[in-house]
Amino acid sequence: MIGIRRRCFAWAAFAALGAIGMGCGGSNTGGGGVGDTQPPGPGGPKLVFVSNSNSDWWSAVEKGMQDGGEEFGAEVTLRRNDEQAQGQINILREILSMPDVQGVAISVIEADSPGVIDAMKELQQAGKVVITIDSDVSPDSADARRAYIGTNNFDAGRVAGKAIALLRPEGGKTALFVGTASAANARAREEGFFLGAGDAFQKTQTWEDGTDHAKARQNVQAALSKTPDLDALVGLWSYNATAIAEEVANSPQVRDRVTVVTFDLDEAARPHLAEGNIDASVCQNPYEMGRLGVQLLTALIAGDEQTVAEILPDGEIRETGVRVIIPSADSPAAALRESGQEVLTIDEMNSWLESKGLQSS
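Under mature numbering (1 follows the signal peptide of the UniProt record, and there is no 0), the letters of the sequence shown match residues -15 to -1, 1 to 346, in that order.
Among these hints, one or two may not hold up.
Computed Cβ-Cβ distance ranges for the label pairs, DEER-style [to be verified]: (1) Ser313 / Ser82: 48 to 56 Å; (2) Gln109 / Glu290: 16 to 24 Å; (3) Asp315 / Trp337: 14 to 22 Å; (4) Asp214 / Ala287: 57 to 65 Å; (5) Gly112 / Gly261: 46 to 54 Å; (6) Asp241 / Gln109: 50 to 58 Å; (7) Glu260 / Gln110: 49 to 57 Å; (8) Gly58 / Ser313: 40 to 48 Å; (9) Glu252 / Glu107: 34 to 42 Å; (10) Leu81 / Pro256: 40 to 48 Å; (11) Pro213 / Thr292: 31 to 39 Å; (12) Glu155 / Ser313: 20 to 28 Å; (13) Thr212 / Ala320: 42 to 50 Å; (14) Ser82 / Arg242: 53 to 61 Å.
Honestly, the hints are just simulated from the structure, not real lab data.
Positions of the beta carbon are idealized from the N, C-alpha and C atoms, including for glycine.
Work out the full structure: start from the sequences and follow the hints.
Here it is as structure tokens:
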């Protein structure tokens, strides 16, 4: 959920995705983390991936990591953070004390967090290879990592904006929902969204939930109450899709009035999209982020410059692209195909997920 290029916008170049951490099994051995998953590895370099919070979206990253570990000969571990910058700092400090860990990939929860940036630099100074996936550092801190693999979130936001403009040409009052508004991917998606949607859409408020899923749904209720004539609901992080869909599904009157566009496709959101409670979802490729992350770290550790150049022809950014998922082929958003954008129906997306052994994307 692959092109390569850098784009500058108001405060950052490639800000990255929304993110959210998940895995199965393992135990929490690091302060601030909420567990880890370490499948049996083939005995190659040891790599640790650090999420920025915990949601179903990360199961697809984990599957890509595991497949990449088998394909490229690496031992991989997913460490799941507790949705706080301090949690990531604690995990990174723990990794610093592990001499057998050679590579680290992190989805940065706050692009400008001094503590996280400093911890990443300490890992580099200790000889470990550090990259970011899904959500990047700010451009001023780019020296804290070797590369970024993930979505161009500004472009992803613009795609979402173009989708809603097709779905609701008349525009209207728009509320956005996200875990952390200061996250790089959140900033980029919001800015790109309004550029793509155009002046007909007016922002009422961006509602933050701190990755608290109960609060995420409460925020939807509050937004609809605060602005009774709200026209559009936009979920910037994966779990926001389910929070919005569950709320609008409870009120046919609201569902008929508002347009819902979200990002990513958690397992719980899939039936809502099929039932029409979500009008379109812009999906990343978390599986490929995990797989490519393993390939890149393994190549960097081995000094395989040819493979590194193939993954990073521009030097430090690898974009993994997005797909737009719609309830059915007759959706107005299907017209995005005319501009070359990949668009799938939910049935087509479900078939793809099944082929990869995934439940979410």
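Now for the hints, and whether the structure bears them out:
The given range of 48 to 56 Å is respected by serine 313 and serine 82, whose C-beta atoms sit roughly 53 Å from each other. For the hinted restraint 16 to 24 Å between glutamine 109 and glutamate 290, the CB-CB distance of approximately 19 Å keeps it satisfied. For the pair aspartate 315 and tryptophan 337, the beta carbons lie near 20 Å from each other, so the given range of 14 to 22 Å is met. In this structure, aspartate 214 and alanine 287 meet the distance hint of 57 to 65 Å, their C-beta atoms being roughly 59 Å apart.
Separated by about 53 Å at the C-beta atoms, glycine 112 and glycine 261 satisfy the suggested range of 46 to 54 Å. Take aspartate 241 and glutamine 109: their Cβ atoms lie about 53 Å apart, and the range 50 to 58 Å holds. Roughly 52 Å separates the CB atoms of glutamate 260 and glutamine 110, a value that falls within the hinted 49 to 57 Å. For glycine 58 and serine 313, the Cβ-Cβ distance of about 43 Å falls inside the hinted range of 40 to 48 Å, so the restraint holds.
Evaluation of the 34 to 42 Å hint for glutamate 252 and glutamate 107 yields a pass: the beta carbon distance comes to about 37 Å. For leucine 81 and proline 256, the Cβ-Cβ distance of about 43 Å falls inside the hinted range of 40 to 48 Å, so the restraint holds. Between proline 213 and threonine 292, the C-beta spacing of about 56 Å breaks the proposed range 31 to 39 Å. The hinted range of 20 to 28 Å is satisfied by glutamate 155 and serine 313, whose Cβ atoms lie roughly 22 Å apart.
Between threonine 212 and alanine 320 the CB atoms are about 28 Å apart, so this pair departs from the stated range of 42 to 50 Å. The hinted range of 53 to 61 Å is satisfied by serine 82 and arginine 242, whose Cβ atoms lie roughly 55 Å apart.
Figure legend: structure checked against the earlier numbered hints; hints not met, in rising order: 11 and 13.
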